[in-house]
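Position chain P relative to chain B; hints supplied.
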Amino acid sequence: MGGGTSELAPGTRMGPYVIESTIGVGGMATVYLARREGLDRKVALKTLHPHVAAMPTSVERFVQEARATSALRHRHVIEVIDVGTAAERPYLVMELLQGETLADRLVRMRRMSTEAIADVLLPVVSAVSAAHASGIVHRDLKPDNVIVARDAEGERPVLLDFGISKILEGPRSTALTQVGQVVGTPYYMAPEQIRREELDTRTDQYAIGVILFECSTGVRPFRTEQSLFVLMAEILLGHPQLPSHLEPSIPPSFERLILRAMAARREDRFSSMNELGRALLPFASGDLCRRWARSFGADPDDIEPIAASRPSAGALPPIAPLSTPPSGAFDPALATQPAVPSGRDPSVEQLHLADLRALPVLADLPDAALEGFCLVSSGRKYPAGRALFAQGASGDGCLAILHGRIEITKEMTGTVTVLDVLESGAFVGQDALIERTTRSVTARAAEESLVIELNREEMQRLLGFHDQVALRFLELIAVSGIRQLRDATKKLATLLEERATGRKADGSEVTATRPLEQLRAAVREWSVKIEDR
Amino acid sequence: MTLRPDPEILKRTAIFRSLDESDFRALMMCLRVKLCAPGEVLFREGEPGQSMMIVGEGTLVATVRRKDGGEQEINRMGPCETIGEMAFLDPAPRSATVRAVTEAAYYELDEDGLMTLRRRAPTAAAALVWATLRDVTRRLRRIDRLIQHELGRRADGTPNAARARRP
Chain B
216 MGGGTSELAP
226 GTRMGPYVIE
236 STIGVGGMAT
246 VYLARREGLD
256 RKVALKTLHP
266 HVAAMPTSVE
276 RFVQEARATS
286 ALRHRHVIEV
296 IDVGTAAERP
306 YLVMELLQGE
316 TLADRLVRMR
326 RMSTEAIADV
336 LLPVVSAVSA
346 AHASGIVHRD
356 LKPDNVIVAR
366 DAEGERPVLL
376 DFGISKILEG
386 PRSTALTQVG
396 QVVGTPYYMA
406 PEQIRREELD
416 TRTDQYAIGV
426 ILFECSTGVR
436 PFRTEQSLFV
446 LMAEILLGHP
456 QLPSHLEPSI
466 PPSFERLILR
476 AMAARREDRF
486 SSMNELGRAL
496 LPFASGDLCR
506 RWARSFGADP
516 DDIEPIAASR
526 PSAGALPPIA
536 PLSTPPSGAF
546 DPALATQPAV
556 PSGRDPSVEQ
566 LHLADLRALP
576 VLADLPDAAL
586 EGFCLVSSGR
596 KYPAGRALFA
606 QGASGDGCLA
616 ILHGRIEITK
626 EMTGTVTVLD
636 VLESGAFVGQ
646 DALIERTTRS
656 VTARAAEESL
666 VIELNREEMQ
676 RLLGFHDQVA
686 LRFLELIAVS
696 GIRQLRDATK
706 KLATLLEERA
716 TGRKADGSEV
726 TATRPLEQLR
736 AAVREWSVKI
746 EDR
Chain P
152 MTLRPDPEIL
162 KRTAIFRSLD
172 ESDFRALMMC
182 LRVKLCAPGE
192 VLFREGEPGQ
202 SMMIVGEGTL
212 VATVRRKDGG
222 EQEINRMGPC
232 ETIGEMAFLD
242 PAPRSATVRA
252 VTEAAYYELD
262 EDGLMTLRRR
272 APTAAAALVW
282 ATLRDVTRRL
292 RRIDRLIQHE
302 LGRRADGTPN
312 AARARRP
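Going down the list, the sequences are from chains B and P.
Per the numbering used here: the first sequence = residues 216 to 748.
Per the numbering used here: the second sequence = residues 152 to 318.
Chain B on its own, in the form it takes in the complex:
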């Protein structure tokens, strides 16, 4: 069985580049060592896995990575040399770096002195600051995305992977990384990323804070292995263990710096990456401190160096292994998302265990799963008489009814007919979940009703957390669609029967136009497909 990554064999040509070997395989892409034909230059060539490339937004992100990275000319941002497409696989060509990632270094050293940390991270902070100045938020800063390269001038920390970066206020940014779409590595995610709020430069600062924490203590601030929900809850609550409790040698001022950068409230962080850089300067080695001072707007002579910590001897707690990070897009159709619906938000309600326990379909799931869902989702309470959506309006999602009753009406030629009254456990408007559509009915709260609104990005977000509750909702929505399709097929079969006999069940005469064979063929097709295709 061939790998799903379909790795390129040595000798494969990608445009003018020839693959020599594999450098690394990630979840989304593989990086190869390649050589430019006719030249001696070796490069790093990155291609998306074919199944990833099949998702339209992945390619867009890939192109965005190239665009964002090449827009930044900074010694500590990886240099993009070329982009292209070969055999329908887009590729990105970057300078080849010799060295190790910061993640590898942490595995090797477990933790670093404050001086070593400052020396590696000051250039990274400078690179991120430059990105911010160009209107780009990286959004996925983590030790894996920093390579400590070695070149003629010594160590050169280099920032990689602008794959999910967001170009602030760029016209194209919204479709790819809008609010609601969680992208990034959970351990380094800021609370605002989990809450799906609009992100800004302070989001990157949070991740730098987590990296500082990890480098100085050897563990991540939030590292539960219980579940992603617990992890996210911990991040949202924002009370990490004090770094000095884990590593007593950490100077109090360094600890304050870490905790400020990763403050749960954005307002409590540094005002900018430059300010964080200035705070980090006194911990750097003399040379580096002087070299970087001016770029952070500081006078090198004003900086009072702070003695470096030496990691204390003794056993460290084991480093928490990475559990599987949320896998992002599982379906290309999910990735191209319309805007988040708005304007029908009577009141946002915190969900409680009892709300979800009201649904029999979730009965077999443990409390922890439901509580986790409550943490990352919310309900909406509609007062009696309030429309959830109106016939003719554009819709991009469906609603799960937790409590209350929802009346479904349809207006035809001036007459409003009540089609159904739905209760707890039912879904409304599920066809819009697949693609934005015009609502064919009006849904109105017949009494005060609590619902969960699930649109595509919300579903993707929840499923991205490997959430069993979201999966169960999705299955329910599918089952409800299947039943509707069966009913519709029966209805069409009845129409066909009526056409054939010219009589309705009540004996009245049928008038119709569609050629009989056409209808008959349609029913045959549907009834077969329903169960067996």
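Don't take each hint at face value.
[Said to hold, decoys possible] SDA-like mimics (lysine to any residue), calculated; alpha carbons at most 25 Å apart, straight line: (1) Lys162(P) - His454(B); (2) Lys625(B) - Leu297(P); (3) Lys706(B) - Val694(B); (4) Lys705(B) - Lys162(P); (5) Lys706(B) - Arg296(P); (6) Lys706(B) - Lys162(P); (7) Lys706(B) - Thr652(B); (8) Lys706(B) - Arg289(P); (9) Lys625(B) - Ala641(B); (10) Lys625(B) - Arg296(P); (11) Lys705(B) - Ile225(P); (12) Lys218(P) - Glu713(B).
I should point out that these hints are in silico values taken from the structure, not numbers from a laboratory.
Then chain P, alone, in the frame of chain B:
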């Protein structure tokens, strides 16, 4: 029988195309490979249906009983095609009999398999459900249009074409 279906077939199956390697491996653990001889029946019309199948090798045929007692072929299926993914999510009697035309191999995902898949690879389970939902939604829209069209024309009082053609 020596047939061994190529797992690559699964990767080309519409509902699994978006899976990454680890989800795909998890899926493989939840599937059973089954072989059948020419003429062998996988299931009969009217039997309860609770599993879905993906054809790996060979050709299968779906038939329905006619009112006169005869059988009518309604579909032929080959590698990469799926059978019964809706009955799988929402058990219902099989609407056709499916049997092997040639020696055939197929993958089967049953209820236990789905339970395991949900636990081990929720993203794979979600991809499967999502693909089914998308398929169902599109079919539903088309069939609804047919129904609306038919009802609309009746409401207009257009003469019954079938009857009008009668002598």
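Lys706(B) paired with Arg289(P) [C-alpha distance capped at 25 Å]: holds, 17 Å
Proposed proximity, Arg296(P) with Lys625(B) (alpha carbon, max 25 Å): Distance of about 16 Å is within 25 Å: holds.
Pair hint Lys706(B) and Arg296(P), alpha-carbon separation not exceeding 25 Å: holds, 12 Å
Distance restraint between Lys625(B) and Leu297(P), which requires alpha-carbon spacing of 25 Å or less: Judged against 25 Å, a Cα distance of about 18 Å means the pair holds.
Pair hint Lys625(B) and Ala641(B), alpha-carbon separation not exceeding 25 Å: holds, 18 Å
Holds or violated: Lys706(B) to Lys162(P), with C-alpha atoms at most 25 Å apart: Not OK: Lys706(B) and Lys162(P) at ~36 Å, beyond 25 Å, violated.
Pairwise hint evaluation, Val694(B) against Lys706(B), where the allowed Cα distance is 25 Å at most: holds, 18 Å
25 Å limit on alpha-carbon distance, applied to hinted pair Lys162(P) and His454(B): It is violated: about 44 Å lies between the C-alpha atoms, which goes past 25 Å.
Restraint status (C-alpha distance of Lys706(B) to Thr652(B) at most 25 Å): Distance ~23 Å between Lys706(B) and Thr652(B) Cα, so the pair holds.
Proposed proximity, Glu713(B) with Lys218(P) (alpha carbon, max 25 Å): holds, 17 Å
Pair hint outcome, Lys705(B) versus Lys162(P) [Cα-Cα no greater than 25 Å]: With a Cα-Cα distance of about 34 Å, the restraint between Lys705(B) and Lys162(P) is violated, given a limit of 25 Å.
Given hint Ile225(P) paired with Lys705(B) - CA-CA distance at most 25 Å: Roughly 18 Å separates the two Cα atoms, so the pair holds.
When each numbered hint is compared with the structure, violations occur for hints 1, 4 and 6.
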